[in-house]
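**Q** Sequence:
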Amino acid sequence: MAESTTQHMPLKGWDKPDLDLSEAEWRSSSRGKGDVQIAFVEGFIAMRNSERPESPSLIFTPAEWGAFVSGAREGEFDLT
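So the number in our numbering is just where the residue sits in the sequence shown, counting from 1, plus 74.
It should be emphasised that the hints constitute simulated quantities derived from the structure, not laboratory data. Here the structure is a predicted model, which is why all the values come from computation and not from measurement. Cβ coordinates follow ideal geometry from the N, Cα and C atoms, glycine included. Hints should not be assumed to be uniformly reliable.
FRET-style restraints, in silico, Cβ to Cβ [what the hints assert, rightly or not]: (1) E97 <-> D152: 31 to 41 angstroms; (2) E99 <-> E138: 17 to 27 angstroms; (3) F142 <-> E116: 25 to 35 angstroms; (4) E148 <-> E97: 16 to 26 angstroms.
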């Protein structure tokens, strides 16, 4: 699968580097609906939609990723 080489302008107030994800080793979470992929790049965690890999990726610091994973495990994002 070809990686997007499109460069995006960083968001105002964005405190994370503009990571080069072209060589990232993406890992899938599952094979179900809404499948996401993650990659560990330069000390950050990138997350993208596997059905639209050309779309912008979300970038997390390790602390943000830990909070996200903890919240997901605790059901914070479950539909009620």
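**Q** Next step is simple, just say for each hint if it's right about the structure.
**A** Hint check:
1. E97 <-> D152: 31 to 41 angstroms: Holds: the Cβ-Cβ distance is about 34 angstroms, inside 31 to 41 angstroms.
2. E99 <-> E138: 17 to 27 angstroms: At 20 angstroms between Cβs, range holds.
3. F142 <-> E116: 25 to 35 angstroms: Check failed, 18 angstroms falls outside 25 to 35 angstroms.
4. E148 <-> E97: 16 to 26 angstroms: violated, 34 angstroms
When each numbered hint is compared with the structure, violations occur for hints 3 and 4.
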